[in-house]
Every structure is written in C-alpha cells, then in structure tokens.
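Colleague: Generate coordinates for the entire structure from the input sequences, incorporating the hints supplied.
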Amino acid sequence: MSEQLVPVSEIQSTDDNVPRWGMAIDLDRCTGCEACVVACHVENNIPVATEDEAAMGRSSHWIRIDRYYEGTFPDIKVKYRPVLCQQCDDAPCEPVCPVYATYQNAEGLNVQVYNRCVGTRYCANNCPYQVRVFNWFDPEWPEPLELQLNPDVSVRPGGVMEKCTFCVQRIQRGKLDAQAEDRKVGDGDIQPACVQGCPAEAMAFGDLTDPESKVSQWAGVGRSTQLLGELGTKPKVFYLEKSD
Amino acid sequence: MTTLATTLNGPHRRVREDVLHPLEGLSFWYLASAAFFSALVVWALFAWGCQIFLGIGVAGIRRPVFWGLYIVNFVFWIGISHAGTLISAILRLTDAGWRKPVTRAAEAITVFALMIGGMFPLIHLGRVWLFYWLIPYPNDRLLWPNFRSPLVWDMTAIFTYITGSVLYLYLPLIPDLAEMASRSQGWKSRVYRLLSIGWTGSDRQWHSLERAMKLMAAMILAVAVSVHSVVSYDFSMSIAPMWHSTIFAPYFVAGAIFSGIAALILVMFALRKFLNLGRYLRPVHFHNLSKLLLLMCLVWLYFSASEHLTVWYGNEHIEMAVFNARVHGEYAPYFWLMVACNFLIPFILLGIRRLRTLGTIAVSSVAVLIGMWLERFLIVIPTLSYSALPAAWGPYEASWVELSITAGTFAAMALFYMIFAKIFPIIAIWEYDEDVSAS
Amino acid sequence: MDRRNFFKLVGTASGGALTGACGKQAQELIPLLVPATEIVPGAEEWHPSVCSSCAAGCGTIVRVMQAERKIEVEGETVRQPIAAIKKIEGNPLDPVSGGRLCARGQAAVQGLYHPDRLTGPRRRAGARGSGDFELVDWETALSEVAAVLAGVDRRRIVYLTSAGMGTGSATAARFLDSIGAPPATTIGVNDFTVERRASQLAFGWDGLPVYEIQDATYVLSIGADFLGGWASPVFYSRRFGHMRRGRPGIRGKLVHAESRFSQTAWSADRWLPVAPGGEHALAMAIGHVIVSDKLRESDQAGESLRQAFVATDFSAACKASGLEEKRIRDVARELASSMSPLVLAGASIVRPGSSRAVTAANELNLLLGNIGAKGGVMPPASLPGGLTAERPAYRPLEEQIGKAEVVMIDGVNPLYAAPWLAGSLAKVELVISFAGFLDDSAAHADWILPDHHELEASAGVIPLMSPTPALTGAPAFVKPLHETRATPDVLVDLARRLDAAIEPVTLDSAYASLHGQGTDEESTPADFIDQARRQGGWWERERPADAHRTRTEPLGDWDPPVSDPAYPFAFQPYPTLQFGFGGESHLPWLQQLPDPASSAVWNLPVEVDPATAEQLDVRNGDTLRVISPSGELEAPVYVNPAAIPGVVSMPIGQGHGTFGRYASGQGANPLSIVDPVPEQETGVPAFGATRVRLEKGTTKQRLVQYAAVDRQPHPHR
Amino acid sequence: MLAAPRPRLSSSRLLAVSLSVVAGGLLWGQQQPIEFPHDKHVAAGVDCIDCHSGADVRSAATIPSINKCMLCHERLANEGPGVKLLIEFWNRKREVPWQRVYRFERAANVKFRHAPHIRAKIECSACHGNVAAMTVAQKAVEHTMGTCVSCHRQTQASDDCAVCHF
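Residue numbers (the numbering used here), protein chains in the order written: chain A, 78 to 321; chain B, 38 to 476; chain C, 538 to 1254; chain D, 886 to 1051.
I should point out that these hints are in silico values taken from the structure, not numbers from a laboratory. All C-beta atoms in this analysis are idealised placements derived from N, C-alpha and C, irrespective of residue type, glycine included. Watch out, some of these pointers could steer you wrong.
Restricting the straight-line Cα-Cα distance to at most 30 Å, the calculated cross-link-like pairs of lysine-lysine (DSSO-like) are [said to hold, decoys possible]:
| # | chain 1 | residue 1 | chain 2 | residue 2 |
| --- | --- | --- | --- | --- |
| 1 | A | Lys154 | C | Lys790 |
| 2 | C | Lys856 | A | Lys154 |
| 3 | C | Lys856 | C | Lys790 |
| 4 | A | Lys319 | C | Lys863 |
Derived, one-sided and incomplete: chain D residues facing chain B with beta-carbon distance under 8 Å [claimed, not checked]:
| # | residue |
| --- | --- |
| 5 | Val1021 |
| 6 | Ala1025 |
| 7 | Val1026 |
| 8 | Thr1029 |
Modeller: Now the structure itself:
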C-alpha cells in the first residue's frame, strides 16, 4: 500500500471548535471477523440483497472486508482490510455530482444527501474505493422485520446512492447530548457502529485535529498508511499496516 | 429565382418532381415499416416505464458497472449527431459544391440523433422524475446545480447544441417550406405557410438567410466540437483508469465525426434506394464522403493507438487491468472486432481504389457504425468493471430493458427520419436550383 | 411534585400514539390503547441482556425504542406502539464481551423480528418432516403433551439440549429430575466435550481452561479456530487485539496450526498447515524438542510427562503431522525462548483422536511452566452455587434415542447438526420441540412448543469461559411478539400437570443464590439482586486458584494417517464464524455476509486446493459431487488457494431442509455425508474423520461471490 | 434570545399556503375525531409541553395518549360534547385516532429533533402557528425546506445538509 501521503497533522479544520472526524484501523489487531459489517447493517437500515440481487453484484455493504491471498501453499498469507468510505478530504465523488447530493461538510464528513440524489451514479464511478452503494429498488422488509429499523436513520428510496456516513446520526446525537449537558464532546463519546462492535478493538474513531485523541495517536504511528493515497484523495481513514 | 414550379423547365422541374414525389401518398411498405418501427419504439417506452415504476434495478447495471448501455448509447448517438452539423457546416463554410444534395439529410440526422442521445442521460437516472434539479432555477431552498460537475456542462452543451442544430436545419428549410406552401392545398398549405414564417423570396430575405446560415455554420462547428469534448469530459475528468486521459476530447470528436460520416453515408444510401434520388445522390457524393471516412479512419487509428500505447508503455497497474481486459481479457473479442470494423475493413475497402465501390462504401459504413458503438462500449464498461481495487471488480450484463431501449432508439431514428422525409423535401431544392443555375 | 413534573412522569408512563414516520396507509389505522408500553417516540433505552447465539454467553446491552406494529384486533387492523429492539451492543461491564460483539451476536435481533417465527404451539397434522402443522392453543398443547408424558416410561425420555448453561438448563434439570427422567444430554456437536475431557486429562480441571493470550508474547494455537467459529470468539478476539498492540513496545506473535486456513490462520504470523488428525503428533514433536533440547525450565511438568515427550519419535511425529522437521523445530525454539509463551488448544473439527491431541497440546503449557502465570493458562472459573452442577453432558445418543419413547429438543437442531440421528429419531413415538422456528428438527416433531426469542426471555447464562466466575443475566424488557412461552415456564407447567411441582430457576433466584458468595462488599440481598439486574450480571473479581494436577495415566498414541484409495480425500466440515453449526442460517444479515474464505453469499461452497481442482477440471462455481461411504452431496466448488492438497473442507451452515424463508433449501449440509466415528476418549461423534471422493457434479449450483477476485493481480500492491 | 422568525408573507405565498391547507385537508381527511379546542386548554393554563411532553428533551413532541387526557378529564370538565366522545373512546379502550397536522414526507429523509430547537428558544408558534388561538390545530406554517432553511440562516443555525438529512 501507499505511503501515508497526508500526515495527520495536516488535516486542519476551519475553526478550532469544529472537529474533523477520522478513523484509524489497526490491521494487526483486525481478524477480519466481519462483526463491523453486520453492526453497520443493523445500525444503518441497509437493505438485504436477495441471492438473485447479490448474484448481480447488488449486495449492499457500507463496510466490507477486502481479502487477497498472497503466495502459494504452504507459504500462503492473506491480506485483508475493512474498506469503508474513506471520507476523503479531496473526495473524487464530490465535484462530479451535478446536484450537490454529496459534498464535504465542515467536520470533514463526505455527506450523502439522499433526498437530493437523482441517481446519476457518477460519484460511484469516480470512487476508487468502490464504497458507494446504490439502491436499485425501493427497499422492502417483510413484516415484522421492519420493527428493527433504526428510527434515527432514514430508509433510502430506490434510485438513490448511499454509503458509509461515519454513523452521522450518532455524531449528531452525540453533539446534541453534549450540548444539552453543556459539555464538550469527549474523545470516544461518539463511536460509529463498526467501531463500537469491533471485537478485536481494531478501530478508533475521533477528531483528527485533536492530537490527544485516540485516532490521532493511532494515525500518527509509523505503520499508518492510506488506501490508494497516491491518488491524492486524502482519505481520513488510516490503516495501520501489519508488521512483525 | 421564381416561385412557381409550373413555369420551370428542365432540371428545375425535374428536381421538384423527384424530390417532392416521395412526399405524396403512403405506400404499403411505408406504412408497414412505420408500424414496425413504431412497435419497437412503443416496446422501448414500455421497458422504460417498467424501469421507472419498478426501479432502475430492472436494468442490468450493477456494482461496480454503474453506467451501462445507456451511457454507451448516449455517447454513440451524440457522436452520430456530428454527421450533420459538422459535415454540412464544414462543407458549407468551405463552399464545397457537391455538398448541396447532402446537407439536409445530414442536418436531419443531427437533430434526431441529438433528440435520441439527449434522452439517455435521463433514461439512466435513478430518479428521472427529479431531472429538473439539474437545471439552474431559483428556488426557496437556495439550491443550485453543481457547476463543477461535467454532467451539468454536458447538459448545457447538449441544450445549446440541440437548439443550434434545430435552427441550422430550419434555416435552409424556409425557402423550400414556402415553395411547399404554394404547391399544396388546404391545411397543409397553411401549415407550410406558417412554418415558412412569411418567406417571399425577396432579396433582403435571401441576404439575411445567407448571413444567418454562414453565422450558424460557424457557430455550430464550434458548438459541435465543444459538445463532444464535454461528453468526453464525463469520462476524462474522473480518475477512473483509462478514462483519465488528456486525449479524450479530440479523440471523441474525431470518433464522432467518423461515425457521423458513416451514418450519413448509410442514410444517403437509404434515400437513394427508397426515394429514387439516384440522380441527385450520385456516386461522386459517396466517393467524396468515403474519402472523408477513410481520412477519419486513419485519424481514429492514430488516436486509438496513442491511447493504448501510452497506457501499455506506462504499465501503471491499475490502468493495465483495464488494458488487459480490453486487449486480451474478457472484452478482447469486442476489442478486436472494433479494430476490424473501425480500421481494417474501411482501410482495406476504401484505401484500395479498385475495391472502392458503392457496395464497399456501404459495407464500410456499417462496419464503422458497429465499430464505433463497440468503441463506446469498450470505453465505458471495462473501466468500470476493473476499478482500482480488485476486490470490487465485477462483470456487466445488459438486461432486456437496456436492450429494448437500445433497439427502440435505432427504431426511433428510422421512424423520425421516415416521418421527416414524408413531410419535408430531403434535398434542398433551392440550393439545387442555385447549383443548376450556376452551372 | 409540581404540575409539570407530574405530567412528565405520566408522559413516560404512557405511550404517545400517533407519531413516527409511517406511510399514508398506516395513517388510517386506528391505534390501540396499550398502557403497557413505557416508551415514547424518539427516546432510547438501553437494557442489559445476554447473547445466546452461541455458548460463549456475551453480556450485551440492547437499544430499545418505540415502533409501531400492525395487528388484528376484533377484526380491525390497528397500530400498536411497542417497545422494539433496534440494536445490540456488547456490555462494557461484562468480562467476556467487554462491550464488543461478533457478527452473529449483532444479527440476533433479526431472529426476534424474523417473518417466519412460530407464532404459537403447533401439533403435527401431516407426515413427520412434511412441515404440516396445525396451530393449537397453549392449554390444549400442554394438556395433551402432559397426558402423553404421564403414560410413558419416564426413564425413556431423552432431553436434547445445547452446551449453554444457566437458568434454563437448571430449570430443565429440575424438571427432568422431578418427573424421574434422566438428565439432559447434548448432541455431541459443538458442546466442547473434547476440550473438557482434555482439560481434565491435562490439568485435572473440570471445565475449559482460560488462555491468557492478552499477556502472552508468543502464542502457538493448535486445532482451535479461536478467532473464528470456536468457543468464545469475542472474548479471544479482544485478548488477541491486546496481545498484538495493546502493550507499548510488545507485540505478541501468533503461530496457528490447523488443517484449514481459518480466520485464526489469517490473523496469525505463521500458519502451520497440519495434516487432518496430525495435531497430536505436532504437539508431541514440539514437546519433544522443548524437553530434549532443554529449551525451558519448568517445574510444572512431572517427570513421567517429560519422559513421554522425550520418548516420542521426532521424525515420525513430524511425518504424521504433515509438516517439515525444520518448521517444527523453529516453532518449538521460538516458543520456548519467548518471554511468555502459551499454547492454546482445542478442536474446531473433532476427529477420533481429538481429546488426546488437545491434551498433548495443553500439556505443552506444563513444559513451558505457564500454568497460573501471567500470559499463561488459567483454570476455569466455576460459578459458586448450585447452577454449575447441572451441566448437560454428552451420552452416546443413538443407543439412547433408539430406546426412547419421548425426545424433547430444546435449543439444538440435531437433524441438522447431527443428521446421523435421523434414523433413530424417526422411530421415537413422541418428539417435542421447543424451537422458535420450523427448523429441520422441529419439522420432524409431533409437537412444537415455541420458546420465546432470547431477547424476549428472562435468563441467566453462565459464560462458556470467563476470567472470573460469572453469571450474565437478561431480565425480560420487551413483551413477547407472538404467542410463545418461555421453555422453563412450559417445563414448570408440565411438571405441575404431572404432579411434580418444581420451582423454576429464575434469574433473580440465581442471583440470590450468589449473594454473599463472592468478594463483593456487603449489601442486602435485594440491593445485590437489583445491582446485578441493572448491570447485566454478576461478575466476581477474584480469579480462581490455579491448583492443577498433571496426568499420571499414559496417553494413547496418535492416530496413524489414514489412506483409502477409494476415498482419496479427507473431508472436514467446519463451523463458520457467521453460522456456527448452522444455528443462525435463518438470518438474512448472515446469509448475505461474505464467507471469509470464499467470499460466498447465500450459499457455501466445498473448498478444494488448486491442484485437485485442475485434476478434476473444475473452476470456481462449477458443481462438485462429494461422495463419502455414507452419502453424497453436490455443492459449488471454491478453489481455495490455501487449501491443503488432499483435504476437502466445507463450511457448515447451509443445507437446511426447512429453517425460515432465507435458509430453507439453500445449499448442502456437509454434515449430512459424515460417518460419525466415536471420538476415542469421549464418544462424541468425530465429524471430521470422513473420507470422500470427488466427481464433477451434474446439477447446477449457484456460487455467488461478493468479491470475485482472490488475488491481487499486482503483487507489488 | 432569538426572535421567533415569521415566515415572509407575500400574496403568492399566502395563496400557496392556503391552497395546500385545503388540498392537505382534502387529501388526508383532516377531520379530527374530536374537535379538540387548543384555545380552551391554553386558556386554562396548560402549556404546550405539558401534553406534548418530551419536545424539550427528545426528538418527538408526541401526541398525547388518551391516558393523559383522562388524567384530568376523568374528574374535571367531563360534560362537553367533545369530552363525551373522548370518554367513549376511553370506555372502548381505544386511543383517539388523532390525525397528524404536521409531518415531513418520508422522501424528505429529514430527521427532525424538537429538543435542540426548544433549547435554542425557538417558540413553538414559529413552526406551528399560534395554536393557542385555534380550536382544532390547523396547518399554519408550511414545513418545506425553504421554511427551515430561511429560519436556519436568519438565526445563524447550521445550514449543513447533514444536520437534518441522514
């Protein structure tokens, strides 16, 4: 993988009080167990693709485990990493959307506005990570499965692009909770579903502009890289490579 | 210039008989083929209806090939549209005398190809009923389209182009419309009269028309070049492998002219055959156009070779995945068929003088149309199929919806053309008059 | 109390009715008066619970919010505001989950709202297995079942259950005891009988050892896919994470020996592709090197044990393990020279010699001297009080079921996980199932008395393994969705009808029995129970003492490698991280979860190595017929670049005859062609000892892979 | 404190509002099961939040359950025709099928929260009109994105899409 092209310290926010959300994933801890994948489905009302749909490549996963075998038996290894929206600072998906349905907000989130999306799917073509998921049909949940739907997250209609939001509903709730209690959002107060569930504690989430935050500490170590960083997308997800 | 055909003699009279004859009556075969094409169009509309009501998922597009045949067809038809404007404008500006029987046929192709091509970005939308959000209009949400997006440029360019080319088709029609009005009776006459917007054939009007046409020819040329450049930007502005290329704009324009000429030749063949216009669409026209086709064939080869050579030599692994898929992977049959259609067949058939006959010109044109469609396919699909991360690679297979709509658009082209040729003289009579008078 | 607060209180006590996003259709429905719901739209509550998807017993916290459900009342459709479960997270206070949860645990909520749950008791109406049932009311069901039970020889009742322990198993034990039936038995699959036996043999412990990998510097794991489908994946994944990067400057190394490139092998620094059944020999070879080369001083291993290792024929052992001598020597040296070495042992795939293999591997820890040490092996934490004594154990089943008049099936699906029992089960007069779904076994039952979903029931669970004694509790906090009944309540009811009154073991009574047993501060029993309920369990702080004894009786030799020209391939079905032994196959979230090895969704392939695939001329997605002496199946093939040549693996999880709309008829069950030889020490069916031959299949099977690419075509990336 | 912003009133806007009120009423069968007099309750000293509890601390303002109505009406003021209807529902053990007056359409993908608005001291009437003067609540303010955005801009609240749409 590429070198880390954007040092964490270069990720700046416009305002001291505005965080810049980022994630770090320690591949040395990650076991590829896919708990994050299911956690994300449960949290974000992601529709289930039937076998027929999955056969057409229409599985909806906001986070997935990319895995590649390396070498041959018996000296075979597998390289794997959870891949989610990298929330790029220079996101290639953003400028190409003709209706501003995707854009970078002040907190560094690469926001997808479902109700604005007309479904050109240009953003998905231009995402080198292929983390964007399209709703090919209106989603359906046979009764009573819909009782599980998270009321904090909209159910996206057909024809609309969606993707990992860093669990923006949790971010908003976390900020409002802090506001109601008249305190600042502390490091670790807000955790996306994947981070919260990760059994090996391989994921860290937080404010990249705060040098003390866990994510900044992790992202700052020597093993830290960015996926396809050479494309100049400036991802805000950092991968801590496996090393002996 | 006179307005009454009855007073004419010789070639002036004959052109009127020949060109205006097809406008009269409806033969069985005309009706039968019109019905056939209409059925295909209705079927395509049904398919589109299914897509709107059931969801875009009824099409075969999928992750990671989010753009499929719709965009292929879009680029293809916009390319075809370059037949008219570009060719007729170039010939008009260079005052090539042999152009005169050809221009209207070419300009009509442009308008219809644009109408069809312009539909595809809409057909392809996930929520087509919200397409107007791409149009800048004041609204209380204070939301505007994103002018940084090549799709917005595209829309602007295509709107401009279609407006321009309709005007460009219409202007030289005006004198003929006036003549048609005088030659027909009843409501038809009134309609032609209305469409001829008060044309009397005065010197002042002729002068204005000449100026307007010169101006339009110059402008439409610029617009046509920019339109296909902008279409190419849809691809080259993104960072997808083998899309992100600096030569795409001229490459697309050249390809568009290439396919446009082929389409024009084919249409001329059809007119010659079905409307008995052999006296006007003479072998010299076909030979001249075939030379242009041969030239564009070489230009296409040059661009295509440059594109593939640089990628291959650069050996950048993400791009090489797409390159390999095209050249010796799953898309190789399409690729080599494209090379055969776009280069080998026209180059051999048209490049060797002995082989160049009306028949081989027609064969070459068909080959080029197939080849150029494949070229668009090979630009759109393999790149998406082989994106940067191999874990996300995936194939594409068009569904019946896309195929129906694709077939329907070809039928629509034929249908539009049939109707146009039934209502308007397909050869500019007054230009022919000028030609005959001059000679 | 002022007026405002009075209203607030009322506000939380009564549900707002007409809010929440709902379609126009729902708009017209009339809400029903439901005073029981105590939740308002937009408000979230978190309740402690416990995950029952596997025996690990992770403590969870459950997010509850308001939702609206459509029901029929007096002929009209009304909307009923209910407290609905939205999300399950790990309970941060729980020593097992530590606030984390695996894929299966996360997905459990989908079982609760599954569209194919059984909504009430059912009586068989058609032939067994036809799935033809009629809905009856509970009174009819219970009285009729009780009437039959009253007439049978109670000693001929077989109660099949899972390895999970807690208030449920304790109540069942009381029930069986009170009516004079033999104690409950497990089905011998996924019940860790082998590991328990090995712990007994190696350390003299009653229960599974707890491996302190988080503090180890070098972990050699043999036979147990502890980061995947084995035992307590969340517990060990957390510890693994800590071992790797949780200590400044120290990165623990993991070497994994298994006959499959499992999840643990993925994560390991080195994988030792041990031959199927070669684990015992491997352990002996490593022990041989440690002892003969005097690599490590330890007073924990007795002389006889050391001699046993010395006496091992090293090259023969290496040969039997299928690994090169140098590789084994290197690992032994690295292991013994590391600061805190540890050997983790288990049997993800049970073979005839598994107990001995796990014992030998466990005993390497004695040679390393790490029992009770930091980063070593800890004894099992047994719960004080009466709950532990009633552990369901395996007893040879085919014989028992052959004699049985009544079989009761609670929490297991024997016809899927132990399909060899089908023949004897078919002859049983009365089969009663407590399944919440019409699964393979329930379809063959005469009565289905559906249990609550785990999230609706109140239960206490003893985790399979925990660092300290623990009872994790789930008080009931949502109303049951359907006309189901908690199985303990049903058992109490049945006992009453059989004139054998018993008290159920409730969560509160279990907590009460623990009061004063631990090192907690003094509290009143009521406070003690209240606190345990609120935090989601009772967890002792003190570890158990690490007293152990070593083996004196000799351990048998390893099984020689088998070869059979008629069946040239070893066949190993293996539990997956998404389905375990097939218990979660009905959940669409897990069905669409890419299988780690093959990236397959909705179906699971049979895995062969590339050379074999080439010989057979098959590619990914082609169909392969797997033929064993006792059956055959067809499945799509996945050419696994990491498969050991000559070893055919197949994940367990598909091939359910009936298990809800998402699993029924999907794929094939690898256990269905298994010839279950008894494991030599324990008698449990060794499902990993079948040999097969392969042919090209004739049917068309679909293999949908989420990621179609197995290798990055550009090695420098 | 921020002044409650009033929607700009222009004749076209008025027309649009009144048209949509009429249309909404026709489409949704705006007829409430009981002619609930908001004005009387307010005059009696009941605050909005007493019945629509939770608005100040949670996302939903909630429409009160019949339980809450009956808290008072079991003893007080149980004579009027409306209350009689209420008691009829109560006796049939049914909720009153109140019709919602305000809602965001599902396609808007809006996750509206009352609490932060009340914390920001936005008056209820800013979005709901002067319900205190109404009997049955009428839709007085169009809840379009324009309404939200103009107020957000005037009060310098965030106009980031991700604040409301997710």
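Colleague: Look at each hint and say if it fits the structure.
Modeller: Here is what the structure says about each hint:
| no. | hint | verdict |
| --- | --- | --- |
| 1 | Lys154(A) x Lys790(C) | holds, 15 Å |
| 2 | Lys856(C) x Lys154(A) | holds, 23 Å |
| 3 | Lys856(C) x Lys790(C) | holds, 25 Å |
| 4 | Lys319(A) x Lys863(C) | holds, 25 Å |
| 5 | Val1021 | violated, 28 Å |
| 6 | Ala1025 | violated, 17 Å |
| 7 | Val1026 | violated, 13 Å |
| 8 | Thr1029 | holds, 7 Å |
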